[in-house]
Amino acid sequence: MLGNPGHKHKYRSTCLVGVFLSFLALSSDASFDRHEVTHREYMKFVQATGHPPPEYWNNGRIPGEMESEPVVL
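Going left to right, the sequence shown walks through residues 0 to 72 as numbering that gives the first Met the number 0 numbers them.
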């Protein structure tokens, strides 16, 4: 368990987070934006570019009342 004074850790958790983020940045095309993109905004992108919508959209449509929620995955 992290933070347990009786347990010795080889690495500090903040160090591991930094290593993971560095690995992610170097090993993939993933990028992170400061601002979330809503489903409504992403739909405009999909319509303008022909990019496929997320798999969890139903037949290319935003599910339920998710228009103003951020796109995930």
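If you're looking for bench data, these hints aren't it; they were derived computationally from the structure. Among the hints, a few may not be true.
[To be verified] Simulated restraints on C-beta separations:
(1) 32 to 66: 24 to 30 angstroms
(2) 33 to 57: 18 to 24 angstroms
(3) 43 to 63: 30 to 36 angstroms
(4) 67 to 33: 26 to 32 angstroms
(5) 47 to 68: 17 to 23 angstroms
(6) 58 to 34: 25 to 31 angstroms
(7) 47 to 69: 18 to 24 angstroms
(8) 33 to 58: 28 to 34 angstroms
(9) 48 to 68: 29 to 35 angstroms
(10) 72 to 49: 16 to 22 angstroms
(11) 33 to 60: 25 to 31 angstroms
[What the hints assert, rightly or not] Heads up, simulated SDA-like pairs for lysine to any residue below, C-alpha to C-alpha not over 20 angstroms straight-line:
(12) 43 to 67
(13) 43 to 60
(14) 43 to 54
(15) 43 to 71
(16) 43 to 65
(17) 43 to 32
(18) 43 to 70
(19) 43 to 56
(20) 43 to 64
(21) 43 to 69
(22) 43 to 63
(23) 43 to 53
(24) 43 to 58
(25) 43 to 62
(26) 43 to 72
(27) 43 to 66
(28) 43 to 68
(29) 43 to 59
(30) 43 to 55
(31) 43 to 57
Glycine included, every Cβ here is placed at the ideal spot set by N, Cα and C.
The hints, checked one at a time:
1. 32 to 66: 24 to 30 angstroms: Taking Cβ atoms as reference, residue 32 and residue 66 lie about 19 angstroms apart, which means the hint is violated.
2. 33 to 57: 18 to 24 angstroms: Given range 18 to 24 angstroms: violated, Cβ gap about 29 angstroms.
3. 43 to 63: 30 to 36 angstroms: With Cβ atoms ~19 angstroms apart, the hint is violated.
4. 67 to 33: 26 to 32 angstroms: violated, 18 angstroms
5. 47 to 68: 17 to 23 angstroms: holds, 20 angstroms
6. 58 to 34: 25 to 31 angstroms: holds, 28 angstroms
7. 47 to 69: 18 to 24 angstroms: holds, 19 angstroms
8. 33 to 58: 28 to 34 angstroms: Given a distance of about 32 angstroms, which is inside 28 to 34 angstroms, the answer is holds.
9. 48 to 68: 29 to 35 angstroms: Roughly 21 angstroms apart at Cβ, these two residues miss the hinted range, so it is violated.
10. 72 to 49: 16 to 22 angstroms: holds, 19 angstroms
11. 33 to 60: 25 to 31 angstroms: holds, 28 angstroms
12. 43 to 67: holds, 13 angstroms
13. 43 to 60: holds, 12 angstroms
14. 43 to 54: Measuring from Cα to Cα gives roughly 16 angstroms; hence the hint holds.
15. 43 to 71: holds, 16 angstroms
16. 43 to 65: holds, 14 angstroms
17. 43 to 32: holds, 18 angstroms
18. 43 to 70: Within the cut-off at roughly 13 angstroms; holds.
19. 43 to 56: Given that 20 angstroms is the threshold and the Cα spacing comes to 14 angstroms, the pair holds.
20. 43 to 64: holds, 17 angstroms
21. 43 to 69: holds, 14 angstroms
22. 43 to 63: Holds - the C-alpha atoms of residue 63 and residue 43 are around 17 angstroms apart, at most 20 angstroms.
23. 43 to 53: Holds, because 13 angstroms separates the two Cα atoms, which is no more than 20 angstroms.
24. 43 to 58: This hinted pair holds, its Cα atoms lying about 16 angstroms apart.
25. 43 to 62: This hinted pair holds, its Cα atoms lying about 15 angstroms apart.
26. 43 to 72: holds, 17 angstroms
27. 43 to 66: holds, 11 angstroms
28. 43 to 68: holds, 14 angstroms
29. 43 to 59: Satisfied, since the Cα-Cα distance of roughly 12 angstroms is no more than 20 angstroms.
30. 43 to 55: holds, 17 angstroms
31. 43 to 57: holds, 16 angstroms
Checked against the numbered hints given earlier, the structure breaks hints 1, 2, 3, 4 and 9 and satisfies all the rest.
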